[in-house]
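J.: Listed here are the chains, written in short residue letters.
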Amino acid sequence: MSEIKIVNLRKQFGDFVAVEDSSFTVEDGEFLALLGPSGCGKTTTLRMIAGLELPTSGKIYLDSEDVTFNRASARDIAFVFQLFALYPHMNVRRNIGFPLLSQGVPKAEIRARVEETAKLLRIDHILDRSVSGLAGGDRQRVALGRAIIRRPKCFLMDEPLGTLDAEFREVMVHELRELHNRIDATTVYVTHDQHEAMAMADKIAVMNHGVIEQFGTPQEIYNRPASMYVAEFIGSPPMNFMRFHSGLKRGTRSILLDAVEVAVPEVGEDVAPGEMALGVRPEHIRFSDRSRIRGAVYGSEYLGTNQIVAVETAAGIVKARISADRSFRLGETVGLEFNPAKLAIFDCASGRAIASSLYAEVRHG
Amino acid sequence: MSSVNTAAHSVVEPTPTAKRIAGTIVILYALVTMIPLAWIFLTSIKSPPDSISYPPKVVFTPTLEGFCNLFTTRTRQTPDYIQALPPPTGTCDEITRGRNMVIAGPSNYWPRFGNSLLIAFGSTFLAVSLGTLAAYGFSRFRVPLADDLLFFILSTRMMPPIAVAIPIYLMYRQFGLSDTALGMILLYTAVNVSLAVWLLKGFIDEIPREYEEAAMIDGYTRLQAFWKVVLPQATTGIAATAIFCLIFAWNEYAFAVLLTSGSAQTAPPFIPTIIGEGGQDWPAVAAGTTIFLVPILVFTIILRKQLLRGITFGAVRK
Amino acid sequence: MAEVVLHGIAKTFGDTVAVDDLSLTIRDGEFVVLLGPTGAGKTTTLRLIAGLERPDCGRVTIAGRDVGRQSPAERDVAFVFQQYSLYPHLSVYDNLAFPLRSPARRLGVEEIDRRVREVARMVRIEHKLQNRSTRLSGGEMQRVAIGRALVRRPAIYLMDEPLSSLDAKLRAELRLELKRIQKELGSTLLYVTHDQIEAMTMADRIGILSEGRLVQIGTPREIYADPANLHVAARLGQPHINLLPIDLLPGAAVPSGALTIGARTEHLEIATSAQGNAEVDWIEHLGDQNHLHIRVRGHKLVTLADPYLSIKPGDRINLTLRQPLYFGPDGERLR
Amino acid sequence: MLARATPTTIAVRVRGLSDRAIAWLFITPTIALLLAINIFPLIWAVYLSFTNFRANRPNAEVEGVGLRNYQRVLNDPDIWIAMQTTAHFVFWTILLQTVIGFALAYLIDRKFRGHAFWTTVILIPMMLSPAVVGNFWRFLYQPQIGLFNYIVSFFTGIPPSSFEMLGSVILAPWAIIIVDTWMWTPYVMLICLAGLRSIPDYIYEAAEVDRASTWRQFWSITVPMALPFIMLAVLFRGIENFKMFDMVMLLTGGGPGSTTEVASITLKREAFESWLTGRSSAFAIILFVAVFGLANIYVKALNKVKQR
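Residue numbers (the working numbering), protein chains in the order written: chain X, -11 to 353; chain B, 104 to 421; chain G, 78 to 412; chain H, 2 to 309.
Hint data in this document are derived by calculation from the structure and do not stem from the laboratory.
Treat each hint with caution, since some may be false.
[Unchecked claim] So the derived list for chain H, only partly shown, Cβ under 10 Å to chain X, looks like this:
id : residue
1  : Tyr203
2  : Ile204
3  : Glu209
4  : Ser221
5  : Pro225
6  : Val292
Think of the CB as a built atom: it goes at the ideal place given N, C-alpha and C, for glycine as much as any other residue.
Isolated chain X (complex conformation) (with noise of 0.2 Å):
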């Protein structure tokens, strides 16, 4: 097992800049996530990592040697694709034996090796089935089956379970992390859904137009977001954006939003008036007739154990994950209160995190 490290990555096609100097170390037996939108970058990072691209400029260390141009086959790593790319000629036996097989390694221990791997995933009742007729679950274990047998130095995963059904995902999910506890191997992971990101990462590299926004756990990511782009990407509903102009000094303690006060976070930097965001995670907000951040109720969702109640304010729609005991008419006025400690402030401008007592202690990417 072994560390992953990248150094300025660049990568070009054409005009188009996929990747922007990215760097960042994912250290041995690490779960790293990397999470954007379609055509943020993160398959063509983990294509790169991989040897199935070759980068522009910038260094890839595996182990601390330099393997930025070796090809895939020199670099022991295992790729889980997207589509799975199972070999669809060879049985379930044969492609978890194939990496084996193109090494040379004996028939007799080919054998073993298949079985004890299939028996680790729970698929050594279909090792001599065909693998076109499998469902979407089993063929994702052979391709995971296919990764490990080799215990290469990495995994990269390029949105493995983007194609099976919602119901499915979750279970996949936690027999993911739960693989990733027991063989304990270096793992980059490429997804655009941030539950699969937040509940198996150990670190999550937030991407966006080729540049890496946030590298951080996911408890870092979510409650001090480094950008808007971040705080909007991850969570659902998303953090509410309450928008209001103002300059800040260091050390304020509070805002006006809407000429009424709200406490926030001691600010850390000085910032010149211009348009200015408070970010408002809905589970930060409770309902009180007191404040003076009223509203009117614009729409609910029921979720069972919660809901999520939509609010028209003078400063937009926001959305509140409040218990369900409680029913709403639209339109009903209500008051709105923040939970203090947790909110962020944004420059509208640059999307920035602006610097304050909650981001004390965070990297930036």
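Following the hints, position chains B, G and H against chain X.
T.: Positioned in the frame of chain X, the structure of chains B, G and H alone reads:
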């Protein structure tokens, strides 16, 4: 997704050296296979002596003699007689007189060529029209024994044409269809329609039923839905099928040689019968061949996408 | 708009029963969602109402008319398909105008134009009217598909998982919009889906389908809080309901004959206690919600973690039931 | 707001034809044509094969002869020789076309610059009329004046007039095989190309990650995955060449002697020169059953390969 966009740049992409070597071999092969065709064209603008000289001539004075001989019938005359004629009226006249001959009248080439056009386009139109309707029927409705029927229809193409030709020859003689354009059109339509139904059924199967269902819910009848929704989406399939039918009908020889002899004869059986004095008149044959091949060449180049789709699609389905 | 009534309809394809003795009334102006897994008979039900399939038995009435013998065109319904909803050979405008140009309607050019533009505005696609329909993004395509249904005012809108091919963000956005448009127009709408969130958030009433049968119908709150059986209880709720043997946890008032206890987050009370009956396995930080994975004597439970409760993996806690759901051996709910 | 449509008036206007009526309307013309021009003659041919009918004597009395035509055909050594000639022809053409066709397809799939253009150029021979082209190849094969002999002599030094492609018992079959290969290799190439293109890039990427060498990738992935397509191409060429007529007719007419007389030419001689209509019908039926049977066995094997 993004992996699809970037796959073209993948390391599994052949290296520039591999591409160069592959390109060189393929281009060499292509050039070699073009030699016979180039030779046909060159021969068509040679004089008869040039065409049979040894070693074969690549450099020569081009002449239209082959084309003249193709389009005309000529008679040999004494030089005195030719001297006495009024001045020649055209290039062909002049060339012919140079060989001590005079033009006696037009040859049968253009009528035969016209037959080919009429029969090929007529049968293609019919086969594609009937085929589209039947393919839709087979694709969308439960027709009893549909699979067996389709398979049987297609398997008749395994018969050698000569075997089918015997009873058709007798039948046509009975109904007065021998050596008529109508007879040939019907025959080629019947041969092509089986392939047309087969191909088009595949194309129409690919058009989801939801489109028609949506139209029917929106207030259209099934016929209107077929016309407004299915046909526009099937156009590439129909075009691909039409090219196939056309090529078959245009090139067909066996039925044509057995069932036509005069007024309805097409070009393929006619061209080999072009005879000059003392053996085959190769420039004339080459000229006739060139003119006959040109439409198909143009077709191939213009419609290569549909053609490729049709061939591979037909192959993969069967 | 109209009331649609299904009375005892059934449909079999060969050996498989797709819909089995289904009766359902969709009231005028109501948004009903049929929720069920693949193969539960949801799509078949829609197709039976649209007239794309004929029922083996039973009656369908739309606005009081028995439509049993009518063709799809005669029934005055609109259908939004899961896929293939737009004609690839037509522009967005022509796609929207297609239902209005049908020979059944014969509207004037201006009238068509007026309605197309009105609907385009409603589904926010007016800037792409001249585009080829194949040049749209997934979300835009589905908007146009919905627009094509809205462009006429049928007795009922039938929608077959129209949002399932979209990504999560778009789905959430269109969910709200669809609900808003439906309320604005006061339309009758029957929507089928396998996504519980869609059902819970949009429906006036949810019908739970299982193997062709309507298991329960009611408002989202009724279905969630008061499920008729195990199947219904398991279909709703995030995280999934925990199914436990009756003697696992204290706090139950078990009715006789009960075999299984169904415990959702709100049925579980957690107290930190070193001598507690349960152990925290791990905490799944999903940001907005944190899933608490708990182990009790070999049984695994998942519940939502209270963000203010300070516990970490390995801690012992005391778990008590609070008015959970009880189910008998046949899966029926016992009260 | 939107106007409300009036359902009751719609009902009358949109009834139209029933599905059943449309099914009949659409399918019947095709079936009728096929019955008249494909099926009916076939049945007639079966009937004729049991008679002594001769088409050049339509007024002579027709007598049933039972299975005698079939016996005669199967006992006729000439016909067996024709079958053997056909088999040789089919075997060698398919072998050459498959090897060259697959190699070309593999090279074209390297996607060098201009590959689409050169693919189209290579395809041209298969679009042309076999009869017209065959006729012209006769010119190329002329021993004294033909281009073929000249080129052979240019590269080998063998005197051009010392061999006759069409006139020699040994060379004539090869003359035909060369022309057929020239014409139909593109077809095999095209289907192989479809096969190669059906293998997605990510399969090769997976093999690359699985550390398979290029050589192993070729034999473990490229060949097996393209095999169903190769087999299809072989099937089609097999059927077509089994019934080959036009090109052979115009190149050699079956000669010299009967060295290139394939089954179709024998059939034509029996039916339209000797006018033994009954007997040639029997021969035709035997040919058909043979092709049909062989093709069916082959398709079974093909399906097995596909399902692997």
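J.: Each hint needs a verdict: does it hold in this structure or not?
T.: Here is how each hint holds up against the structure:
no.	hint	in the structure
1	Tyr203	5 Å, holds
2	Ile204	6 Å, holds
3	Glu209	4 Å, holds
4	Ser221	7 Å, holds
5	Pro225	5 Å, holds
6	Val292	29 Å, violated
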